[in-house]
Amino acid sequence: MTGDQVGERRLSIGAAIREAIIEEMQRDERVFLIGEDIGIPGGFGGAFGVYLGLPEIFGRDRIIDTPISEKAIAGAAVGAAMMGMRPIPDLQYSDFVFECMDEIVNQAAKMRYMSGGRIRVPLVLRLPVGASNRGAQHGQSPESYFIHVPGLKVVCPSDAYHAKGIMKAAIRDDDPVLVFEHKLLYGSKGRESAGGLDLTAHVPEEEYVVPLGQAVVKRAGTDVTIVATHLVLYRCLAAAEILAEEGIECEVIDPLSLLPLDVETIYASVDRTGRLVIAHEDTLTGGWGAELAARVVGERFDSLRAPIVRIAGHDVPLPVAPALEEAVIPSIDRIADQVRALVAARR
Amino acid sequence: MNEPVDVSGLDADHARLLYRGLVRLRRFEDRVYQLFLKGELPGTVHQYQGQEAVAVGVCDALEPGDWITSTHRPHGHALAKGVSMRGAMAELYGKATGCCGGKGGSMHLGDPDVGMVPAIAIVAGGVSIVSGMGLAFKLQGSGQVAACFFGEGATNEGAFHEGVNFAAVQRLPIVYVCENNLYGASTAYHLTTLVPDVVDRVAAYGIPAVSVDGMDVVAMREATAEARERAAGGGGPTLIEAKTYRFAGHSRGDARKYREREEEDAWRDLDPLTRLRDAVVSRDPSEAGRLDAVEAEVEAELEDAVTFARESPEPDAAEAFTGVYADAFPVPSMRGGIL
Ligand SMILES: Cc1ncc(C[n+]2csc(CCOP(=O)(O)OP(=O)(O)O)c2C)c(N)n1
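These protein sequence lines map, in sequence, to chains P and C.
Straight run, no breaks: the first sequence in this note's numbering ends on number 347.
Straight run, no breaks: the second sequence in this note's numbering ends on number 339.
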C-alpha cells in the first residue's frame with residue numbers, strides 16, 4: 001500500500017487518527033487519553049480537534065482533562081503505563097515536550113532497561129510539529145532529539161492510511177512511542193503548502209495495522225532516491241513531478257518510522273539509483289537525516305555515485321513572517337534545484 | 001467588583017492618560033480581529049479585550065527603566081509598556097519594520113528599548129526567567145523592577161512554583177501579575193485546582209499576595225505602585241491576582257462554547273473602559289468631550305499604524321539567517337553549498 005490508492009473513503013490524517021484511537025479504545029479498555037483541553041464540553045477536542053466526539057463515546061473518565069502541567073501529564077502517563085494502563089498523553093504542540101523531557105527521556109525510555117526488562121511503559125505521545133507562521137515556540141519539528149534516546153520509538157506518519165495503521169500499532173506496542181504529526185497535514189488546509197497535492201487518502205473500512213519499521217515507497221524512480229517526511233515529503237513529490245517532465249525520475253520514500261528505521265528499503269533503492277537526497281523540515285545539524293546519511297555511507301558506500309545531499313530546515317529558530325519562514329524550510333524549488341544539481345553532476 | 005472606579009487620587013490629566021491607554025489597547029485589538037478575518041495577518045492571534053485595565057494599570061505604575069515579561073497574549077502588555085503601535089502592528093503583519101523585524105510575530109511582541117523582552121509563548125515560561133532578571137537588578141543594585149505577566153493557567157506549571165519560590169527566598173525585585181481570567185484555553189480554572197484563588201496558593205511561598213479588581217485600572221495601578229515600591233526597596237516580590245475576563249475567544253476561531261453567555265454578559269458589564277469613563281465624567285461632566293477627543297486621537301494613531309504596516313516592506317529573505325548568534329559566522333546549514 002502506498003497510501004495513495006483511489007477509493008471512496010478518503011479521510012484526512014486528523015480523521016484517520018481519530019478513528020484509530022476510537023477503535024483501540026473500543027478494543028482495549030486500558031487505553032485512555034490525558035491532556036490539556038481534550039474533552040471539555042464545548043471545547044476544542046485537543047489543540048487540533050482530533051479528539052472531537054470522543055468524550056461522547058467514552059466518557060470523561062477515559063478522556064481526562066488536565067491542568068496546564070506537562071510534567072504532570074507525562075509523569076501520570078508513565079506511571080499509569082508502568083501499572084498496566086495504555087495512556088495516550090497530549091501536550092498540544094510538540095514544542096511543549098521540553099517541559100517534560102525528564103519524564104520522557106529519563107523515565108519512560110529507561111524503565112524497561114533499568115528494571116532488567118521487568119517493567120514496560122506502553123504509552124503513545126502524539127506530538128504535532130511543523131512551521132505554520134506561529135514562530136519560534138510553536139513550529140519546531142523536534143523528532144530528531146528523540147531518536148537519540150535508546151528506549152523510545154519514533155514515528156512520523158504523513159498520510160491518513162499509514163497514520164491510522166501506525167497509530168494502532170503504536171497503541172498496541174509495549175514500549176513508549178512518540179508519534180510526530182505535521183499540523184498542516186491534518187486537514188486540507190495545508191494543501192497549498194504541499195504544492196496543491198491532495199492530503200486525504202483512502203482509508204479502508206476494514207481493520208488494519210501498519211507495523212513500525214516499514215518504509216513506504218511513495219513514487220518509484222530510477223535516477224535518485226529521496227527520503228522525506230511530513231510536509232516536505234509532499235514538497236518532494238511535487239518536485240518529483242516537475243523533474244519527471246525534465247527526464248529525472250525520483251524514487252520518493254516515506255520512512256514512516258524513524259526508530260526503528262527501515263534501512264533495507266532505503267538501501268535497496270540507493271543500490272538502484274546510486275544517489276540519495278534526504279529531506280526534512282527539522283533543522284539540518286544533528287537532524288535524523290544526518291543519522292541516515294551516516295548509515296548509508298557506512299553500509300552502501302559502493303552504491304553511491306555522488307555525495308548524499310541533505311535538504312533541511314536551516315539552522316535558525318523559526319521566524320514568523322511568511323517571507324522568512326519560507327526561506328527557512330525546504331521549498332519545492334529548493335528541492336528541485338538540489339536534485340537537478342545532484343543528477344547533473346554525472347559520475 | 002462592580003464598585004465605581006475611585007478616581008479621587010488622580011488628576012484629570014492622569015485619568016485621561018489611563019483612559020487613552022485603555023482605548024488604545026481596545027481599538028487595536030478590535031482592529032486586529034477584523035484584519036485577521038480579512039486574511040491580512042499571518043498565523044494566529046490571542047486577544048486582550050476585557051483585560052486592558054491590567055496591562056495599563058500595571059505599566060502606569062512602573063518606572064521607565066523597569067522591564068516586563070509577557071505571554072502568548074501580549075498585544076496589550078506591549079502597547080501599555082510603550083511598544084509603538086506602528087511597531088506592534090507591523091510585527092503582526094510580519095513586516096520588516098515590525099518591533100521584532102517580522103521574526104517574532106503576534107506571540108513574541110517585545111522591544112528592549114522600552115523594557116520588554118520578546119513575549120514568551122510557553123505557558124509560565126516567563127516566571128522562571130523573571131527571577132534571573134530580578135537577580136541581575138539586585139546584583140547590579142540598579143533599583144529596577146521586573147513585572148511578570150501570566151495567566152492563572154500558568155500557576156499549574158512547575159516553572160511557576162520553582163520561579164516564585166526562588167524569587168521569594170532571594171527577595172528579588174519582582175511584581176508578579178497573574179491575570180485570572182477564569183479560563184486557560186477552554187478549561188475553567190476551577191477544574192484544574194482545588195484552590196481557585198491564586199493568592200491562596202502563593203501564600204505558601206511567604207510573599208504578599210493581593211487580589212485586585214482587574215477591571216479597574218486605578219485599583220490595578222495602586223496595587224502595582226505598592227508592590228513596586230516594596231520590590232525596589234528590597235522587600236522582595238509581591239503577587240497581584242487581577243480578577244479579569246477575556247471578552248474574546250482564546251485564539252482566533254474559538255467560538256467560546258465552553259462558557260455561558262450570561263457569564264460573558266456579566267463581565268461585559270464591568271467593561272474597564274466604561275467604568276473609568278463613567279467615574280471621570282461623573283466627577284466632571286466637562287471631561288466627556290475631552291475623552292471623546294482622546295478616542296479620536298487613538299483612532300488616528302491606529303489608522304496610521306495600519307497604513308504603516310500595510311505599506312512596509314516584507315523582510316528580506318536573507319534576514320532569516322541573521323541574528324542567531326552574536327558572531328557573524330554563517331549558520332551551519334548555510335555552509336558548504338547546502339543552500
Ligand atoms: C507549556 C505550554 N503548554 C501549553 C501551551 C498551550 N497553551 C497556550 S495558551 C494556553 C492557555 C493559557 O492559559 P492562561 O495561562 O490562563 O493564560 P490566558 O490564555 O488565559 O491568557 C495553553 C494551554 C503553551 N503555550 N505552553
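By construction, these hints were calculated from the structure, which means they are not laboratory data.
Worth double-checking, as some hints may not be accurate.
[What the hints assert, rightly or not] Which residues of chain C face chain P? A few of them, derived with a C-beta cut under 8 Å, are:
| hint | residue |
| --- | --- |
| 1 | G104 |
| 2 | A121 |
| 3 | N156 |
| 4 | T192 |
Nothing here was measured: the structure is a model prediction, and the numbers come from that model.
Don't be surprised by glycine CBs; every beta carbon is placed ideally from N, CA and C.
Structure-based check of each hint:
Taking 8 Å as the C-beta contact cut-off toward chain P, the hint placing G104/C at the interface holds, the least distance being around 6 Å. Nearest Cβ of chain P to the Cβ of A121/C: about 5 Å, under the 8 Å cut. The hint holds. The interface hint given for N156/C holds, since its Cβ lies 3 Å from the closest Cβ of chain P, which is under the 8 Å cut-off. Of the supplied interface hints, the one on T192/C holds, with its beta-carbon coming within about 4 Å of a beta-carbon of chain P, less than 8 Å.
Of the numbered hints listed earlier, not one is contradicted by the structure.
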